[in-house]
Amino acid sequence: MKLNDEEKEILAGRQGAVPQHALRHQISVGEFFGAADFVPVTQAHIMADTESLGEAGVSYLERLAAADEGQRRVRIPTITDPRGTDFSKASMLGQTGAMLDLERRAIAAFVKLGVTMTDTCINYQTIQAPIRHEHVAFGDTGVVIYSNSVCGALSNFEGGPSALAAGLTGRTPRYGFHLDEQRRATVHVRVHFEPASLNEWGGLGAAIGKIAGNYWAVPVIQGIERPPRSDQLKHFGAAMASFGSTALFHLVGITPEAARLADVAAPHLPSHRITRDDVMDLQKSYRSDGAVDVVVFSAPQLSLYELRDLAELCDGRKFKVPLLAVTSPQVKPDCDRAGYTARIEAAGAHVLSGMCFYQSYAREIAEANGWKTLATNSAKLVNILGGYGYRPMLASMEACVEAAVTSRLSSP
Amino acid sequence: MTGSVFRARHAMGRIVRGPALVASDGFSARYDLDRVNGVFSRPAHKLAGQSYVGKVLVLDTAKGGVATAWMLHEMTSRGVVPLALVLNSVNPILAQGAALAGLPMLAGFDEDITLAVPKDAEVEIDPSAGTLRIIGVGSP
Chain A
60 MKLNDEEKEI LAGRQGAVPQ HALRHQISVG EFFGAADFVP VTQAHIMADT
110 ESLGEAGVSY LERLAAADEG QRRVRIPTIT DPRGTDFSKA SMLGQTGAML
160 DLERRAIAAF VKLGVTMTDT CINYQTIQAP IRHEHVAFGD TGVVIYSNSV
210 CGALSNFEGG PSALAAGLTG RTPRYGFHLD EQRRATVHVR VHFEPASLNE
260 WGGLGAAIGK IAGNYWAVPV IQGIERPPRS DQLKHFGAAM ASFGSTALFH
310 LVGITPEAAR LADVAAPHLP SHRITRDDVM DLQKSYRSDG AVDVVVFSAP
360 QLSLYELRDL AELCDGRKFK VPLLAVTSPQ VKPDCDRAGY TARIEAAGAH
410 VLSGMCFYQS YAREIAEANG WKTLATNSAK LVNILGGYGY RPMLASMEAC
460 VEAAVTSRLS SP
Chain B
135 MTGSVFRARH AMGRIVRGPA LVASDGFSAR YDLDRVNGVF SRPAHKLAGQ
185 SYVGKVLVLD TAKGGVATAW MLHEMTSRGV VPLALVLNSV NPILAQGAAL
235 AGLPMLAGFD EDITLAVPKD AEVEIDPSAG TLRIIGVGSP
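The listed protein sequences correspond, in order, to chains A and B. Counting the first sequence from 1 gives a position; the numbering used here is that position plus 59. Counting the second sequence from 1 gives a position; the numbering used here is that position plus 134.
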């Protein structure tokens with residue numbers, strides 16, 4: 060990779076051992092992908108829940124944080140994805156003291172590194188959405204696909220180590236979706252229905268992700284006539300990224316790089332069609348016997364509007380099985396002030412903050428609580444939880460709330 | 135078949151030799167693995183129930199989210215980790231994770247590498263040359 064004078068100085072260790080280590084890591088990744096040079100980035104977003112970090116990852120962060128003041132701090136705004144717990148709800152979840160101790164150590168190390176603990180995967184709704192042409196180093200795949208596609212920003216999937224490295228050096232290797240040519244569509248999808256509910260948008264994203272199939276594929280989508288809401292595109296993108304490892308899509312006439320099909324697509328791309336039946340078939344493929352042990356709304360964290368909708372559905376209900384609604388630390392105070400938290404929890408549910416269900420020791424909390432079957436309206440969540448031993452089921456928010464009352468999922 | 139060499143466009147890490155574990159399926163440490171017991175755990179995965187420890191995983195493409203970037207490092211610290219990763223295509227997360235964990239990895243072949251490598255092959259990975267070599271097939 061071609062390095063400028065500042066990068067040569069960092070690599071030589073003249074700015075300290077921490078940025079030197081970070082740049083070395085970035086060079087090894089950049090060279091793997093044939094990056095020509097680095098590109099400056101304005102924001103970084105780090106996925107680093109302690110289930111992923113483990114003792115080894117936390118020790119790694121602590122070693123970086125032990126460097127001298129002045130040589131260890133991030134040099135651009137650098138924020139965090141959800142943590143592995145909501146400390147105020149940890150005992151209800153069945154999380155252990157060891158899990159919480161690891162969380163506290165990770166947080167202390169991040170703070171020493173100058174990282175701002177936002178603990179959110181919806182920073183594009185709550186902290187600061189990137190703008191078109193802005194190069195960023197974002198972590199959570201749902202954050203990346205939304206930022207790339209809806210905002211027109213430029214980011215690769217930056218895993219925790221690389222997002223932290225970008226924060227520490229203020230740059231990232233220029234490859235992948237930092238390059239205009241990589242952002243052209245590779246596959247065309249025509250949608251033959253208008254999704255409405257969030258699980259339908261997630262299901263559609265999942266179906267397109269399965270078609271796209273790998274990180275380097277870029278779907279361009281036609282057939283969506285009405286401009287979707289941010290929450291709909293949030294579930295759409297998060298599911299597409301989860302099922303396909305997809306990082307960028309274009310909605311013709313809606314997303315900023317695709318005012319017209321020809322803006323992003325060459326003629327005669329491979330083309331696919333998706334109907335409502337395709338999405339319903341995907342949803343039905345997750346159905347089992349209908350019994351539900353726990354209902355979860357998470358992945359991505361809920362917006363204030365989703366919590367408002369949930370509060371209305373909870374009014375007058377009494378839940379037989381646990382219902383967990385997970386949001387960000389930025390949304391939670393508004394949820395409290397608006398009275399939504401009280402209405403949701405009056406039905407027997409819990410509103411959690413700063414975590415995400417699958418990033419919070421999902422296997423261990425299932426064992427601690429006897430949870431096996433789980434109902435959710437998140438297509439992303441059902442894709443992930445099979446590997447954690449759950450039998451997840453995908454349905455609308457209304458059907459999931461009803462399942463919390465009856466302990467059975469009976470409608471779509 | 136023994137002696138066949140396949141060349142990758144992307145490579146990192148040290149030379150290793152070991153048994154291949156091959157499937158035409160994806161890879162995500164979070165979605166697919168029981169990382170405590172070292173087995174593929176997602177029921178729909180073609181390697182469900184099989185141990186990945188000490189194996190050269192030969193798979194199609196990277197799947198899922200960003201957690202693999204930390205998880206390979208954590209798995210390496212406990213020794214419950216594949217010996218190397220070989221894929222038709224990878225995403226940045228696998229490259230970032232392999233770089234942090236010091237895990238050898240090859241990606242990008244002219245042929246479908248999951249069809250080219252026999253399921254019971256012994257292989258050598260040489261990232262400096264960007265090659266996968268079949269050094270044995272079947273039980274000795």
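No wet-lab data here; the hints were simulated from the structure. Any given hint might turn out to be false.
[What the hints assert, rightly or not] Within a straight-line C-alpha distance of at most 16 Å, the following computed EDC-like cross-link-like pairs (lysine to aspartate or glutamate) qualify:
| id | chain 1 | residue 1 | chain 2 | residue 2 |
| --- | --- | --- | --- | --- |
| 1 | A | Lys431 | A | Asp340 |
| 2 | A | Lys269 | A | Glu284 |
| 3 | A | Lys269 | B | Asp159 |
| 4 | A | Lys148 | A | Glu423 |
| 5 | A | Lys431 | A | Glu371 |
| 6 | A | Lys269 | B | Asp194 |
Remember, predicted model here, so these are calculated numbers, not experimental data.
Structure-based check of each hint:
1. A/Lys431 x A/Asp340: Violated, at roughly 22 Å.
2. A/Lys269 x A/Glu284: violated, 22 Å
3. A/Lys269 x B/Asp159: Status holds; Cα separation ~12 Å.
4. A/Lys148 x A/Glu423: The given pair, whose Cα atoms are some 15 Å apart, holds under the 16 Å limit.
5. A/Lys431 x A/Glu371: violated, 27 Å
6. A/Lys269 x B/Asp194: holds, 14 Å
Checked against the numbered hints given earlier, the structure breaks hints 1, 2, 5 and satisfies all the rest.
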